[in-house]
Amino acid sequence: MIQSTWPTLTILVFFPVAACLVLPFIKGDRTVRVFAFAVGVVELLCALPLFGFDLSFSGYQFEEKAEWVRSWGLTYHLGMDGISLLMVLLTVLLLPLCVLCSWSYISKRVKEFHISLMLMTSACVGVFVALDFVLFYIFWEAMLVPMFLLIAVWGGPERRYASLKFFLYTLAGSTLLLVAMVAFYIAGGTFSIPELSAKTYPFGFQCWAFLAMAIAFAIKVPMFPFHTWLPAAHVEAPTAGSVMLASVLLKMGAYGFLRFCLPLTPEASVAFAPMMIAISVASILYGGFVALGQRDMKKLIAYSSVAHMGFVTLGIFLFSLRGLEGALMVMLNHGITTGGLFMLVGCIYERSHSREIAENLGLGKYLPAYMGFFGLFALSSLGFPGTNSFVGEILVLIGVFAEKPWVGAVVIPGVLLGAAYMLRLGQKLAWGEPSRAKAWTDLNAREWLYFAPLAVLVVYIGLAPGLTLRAIDPTLTRVLGEIRARSEAVASAPGNRPMPDLMPKTIAARTEADPTAGLPR
Amino acid sequence: MKFDITLVMPELGQLAIILALFLQSLAKPRTGESVAAMAANTRWVPLAAAAGLVLAALSLEASGSLFWEVYQIDGLSQFFKFAVALGFAIAVLNASTQPTLAPDQRADYLMLLSLSALGLMLLASAVELITIYLALEISSYSLYALIPLRGKDPRAAEAGIKYILFGAAATALALFGLAFILAGQHSSFLAVLTGKTWSWAGSPLGLVGLTLFMGGFFYKLALFPFHFWAPDVYDGASNETAAYAATLPKLGAVVILIRLAAMLKPGLQVTTVLAVLGAASMTFGNLAALTQQDIKRMLGYSSVAHAGYIMVGLVAVSAGGLAAAGFYSLVYVLMNLTCFWVICRLSGDGRNLKLNDLNGLYRQDPWLAFVLAVAALSLVGLPPTAGFMGKLFLLSAAWNRGYDWLVIVAAVNTAISIYYYLNLIRHAYTVEAEGGSAVIRAGGSFWGGVLAALLLVLGALPAPVFKWAEAAGKQLMP
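Line by line, the protein sequences are chains A and B. Counting from 1, position 148 in the first sequence corresponds to residue 148 in the working numbering; the numbering is continuous, with no gaps. Counting from 1, position 239 in the second sequence corresponds to residue 239 in the working numbering; the numbering is continuous, with no gaps.
Certain hints may be false.
[Stated by the list, open to error] Pulled from the structure, derived: some chain A residues nowhere near chain B, Cβ distances all over 10 Å: (1) A38; (2) S104; (3) A142; (4) F148; (5) V153; (6) P474.
[As the list claims (entries may be wrong)] Listed below are the simulated DSS-like cross-link pairs for lysine-lysine, each with C-alpha atoms no more than 25 Å apart in a straight line: (7) B:K162 to B:K467; (8) B:K152 to B:K354; (9) A:K108 to A:K65; (10) A:K108 to A:K27; (11) A:K165 to B:K354; (12) A:K65 to B:K467.
Calculated directly from the structure, the hints in this document are not laboratory data. Predicted, not measured: the structure shown is a model, and the values here were computed from it. Note that the Cβ used here is the ideal one computed from N, Cα and C, for glycine as well.
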């Protein structure tokens, strides 16, 4: 265990909160924005020690532990493994970008907007590093209120409906999580996640606990029957809200599956895997089909999120290393790509004051830089080889074909649908007629500043995913090993023959040559 | 009998306040001072109440027994006396200037308020049925007089009549039950009663008596189906009186129910009845609150729901469960008083506020809006507020004690309740005011902020306070 004396994680979690305490005393909208941006950059700098992350160590690093409520065994316990590392980096990266993309988009109650944004960031980082169940739950719920306000105050015309739906849906799920948490405390005698994971529970108990947690996480992901809050929330939320929602909040659901469902209820996870896989496939196909028919850009991307997150849950419930790697990569890449796409929509909305595709035609000629970024993110979103999403999707597909080929065959049309809706959108935006864009200006320096880092990541992870994979592999191997060791059902599952040993470093090169990569995309 | 005066310091402090107020309301004015001005000068009362709070805090560790074992000073009683003193200090601070009360009535009003709080303190220590009954009456009678004190408002008179009629019926019921217990179990001392059987087969008479006796306290707690008075009385009474009536009397009821519950075991019929009443209470309270437009009525139904949550801790019948119930009732008092604090500040002319009156509060007074938001989130039980910690302790205590279904009902109820609490926040933050907005009384932001900070701190660091509740629970059920 690496015990650091410098409380990196505490600082990452609480620095934005501390900044919020200062923010009310700052006068002037512009100063507030500059300050918020500075906070974002400093938060990013605070994340620098994370590069000391030991890539070969599979346990929790940067651990911090302090007693909290002794009689209930509550501890203030933070720590980070490969899974949380990527999510935390993504979250802190997005904070300054969100400030930038709201620079001219948000014009009322600027101060409060940035306070909400920072509280969100704090809570999100907290969710990913908390190793105490109660602490996790606190951060999980703490993020609801700022998000609610982001939608309800700065949202579009239907904001009341959307924000309430978002809140009620998520909270209904979380109360079940609360019950599961209490049940685990009684069954396992502790709230500590690592300790709870090391214990075994009777199968009947696991089933109920799994279902209670799975509903909470499935709402958050969101998986197919529970997804209806997402398009409403996305469409009404301001750009930064949509970005946080898509890039970070949705990941919490998937993170919950990885952190709680698999380690705590391995047997139940295996038992319910067919159901989860079916729902995932439904999400992929349904999300794709519905996205195909959208006229509102944000709605289209929202439904594409449902489809992409379907890949994540599909990868998780395959219980193979490739599947898990793929799931985590899709989580990360969806965060980068969809975040970028939402920012692009916000960017064009400031020019056209409409999110309708029909109002934003023919941008290619007049806004080439904008369209260039859009093309890149759209290609990434449909999983084009050489972009980041390809890596994640191909890993999930390899996993799925190795374990359950017929499921893979059903998923392939989903990939095709992705290409169809994204290309349709891109084509209309670039070359559609008639264009209103003659007088619109292309991207300014500030806009370049927030698209460029995401674009770099799209290409970098797309071409060289080795480092990212090396960061997550030890952790995933450990998670998988624990499940196999604890659940005989998994070990004897027919699909669990040894995987072709792809070296993480060369995985991109090898998968290009892999026959499954040649499938229609 | 040995009488150790240091054991009853909180009660004596309270008594001193009452006497001082009594003298003030009788005293002749000095020359050049009108009677009204004399009686109106009650600014010292919050300070005295704060001193009382310090006294209560200092005597948290006291233990002993007085008056031939009928009056017991233990962890539980001291914890609740502290809670009553805390709630009293806030309520007095809140009520010291109120728009619907004539200045020359202030001293009398505050005296009745203090008397009621004294009754609750006595209730915390009473461990014998007749003593309990007397303490309950002390706290109730002054409240009967307080409720109608709202200018010349006929609704207040109606509320007063409702409260006293319901109250009289409930107390009669409790007295009836007391007689049954005496007849069936041949003792009125809780210490003796603890050793008896409380099953239908073992002692039907005693069980009927216990149920009736508890009914009297369910009425105080506004537990379904004894809740009908709550929304009407809150609605009719002035905002400040409602703030008191909605919070502190519950403490008295909870402490007695904790003592009575300590006699029971899980799985007994009467425990199951408690669980069912709790479930019905929270479900009914939350569903009824969903449609309310008047904030005080909404809080009335919310208090019905909260009474149900407290039952979750009682039916667990374990040290942890009783401690959780005690802790939650303290938190409940705090968060409700915080909510009422904002309402009283907003209602400058003392009228009842509708949800729409909160519109645009955020623009007028961001600080009060924040205080209201913290209180509302705490009432929901969202982290990082004290309400969450309280609920977590309650649910953890009740799980695996045979009432898992109750835990699930409580969790589902939390999801229902979010809607109407969120409405408070939604109106305050996201809806813009149209023309006539609420009249804000100056001042109060500071103390509101202190209350909100208390809720947040208790949510982040519940251990110091919970420690006391736990020690109290362990004493009752080792």
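Results for each hint:
1. At the 10 Å boundary, the C-beta of A38 (chain A) stays outside the reach of chain B, the nearest C-beta of that chain being 23 Å off.
2. With 10 Å as the threshold on Cβ separation, the claim that S104 (chain A) sits away from chain B holds: the shortest Cβ distance comes to roughly 22 Å.
3. The beta carbon of A142 (chain A) is not kept farther than 10 Å from every beta carbon of chain B, the shortest such distance being approximately 6 Å.
4. Listed as a non-interface residue, F148 (chain A) fails to keep its Cβ farther than 10 Å from every Cβ of chain B; the least gap is roughly 8 Å.
5. With a minimum CB-CB distance of about 5 Å to chain B, V153 (chain A) fails to clear the 10 Å threshold, and the non-interface call is violated.
6. For P474 (chain A), the condition that its CB be more than 10 Å from all CB atoms of chain B holds, with the nearest at approximately 32 Å.
7. With a CA separation close to 39 Å, the supplied pair K162 (chain B) and K467 (chain B) exceeds the 25 Å bound.
8. Between K152 (chain B) and K354 (chain B) the CA atoms are separated by roughly 21 Å; this keeps the pair inside 25 Å, and the hint holds.
9. Among the hinted pairs, K108 (chain A) with K65 (chain A) is inconsistent with the structure: their alpha-carbon atoms are about 41 Å apart, more than 25 Å.
10. This hinted pair checks out: K108 (chain A) and K27 (chain A) have alpha carbons roughly 14 Å apart, not beyond 25 Å.
11. Between K165 (chain A) and K354 (chain B) the CA atoms are separated by roughly 23 Å; this keeps the pair inside 25 Å, and the hint holds.
12. A hinted pair counts as satisfied when its Cα atoms are at most 25 Å apart, and K65 (chain A) with K467 (chain B) qualifies at roughly 21 Å.
In summary, the numbered hints that this structure violates are 3, 4, 5, 7 and 9.
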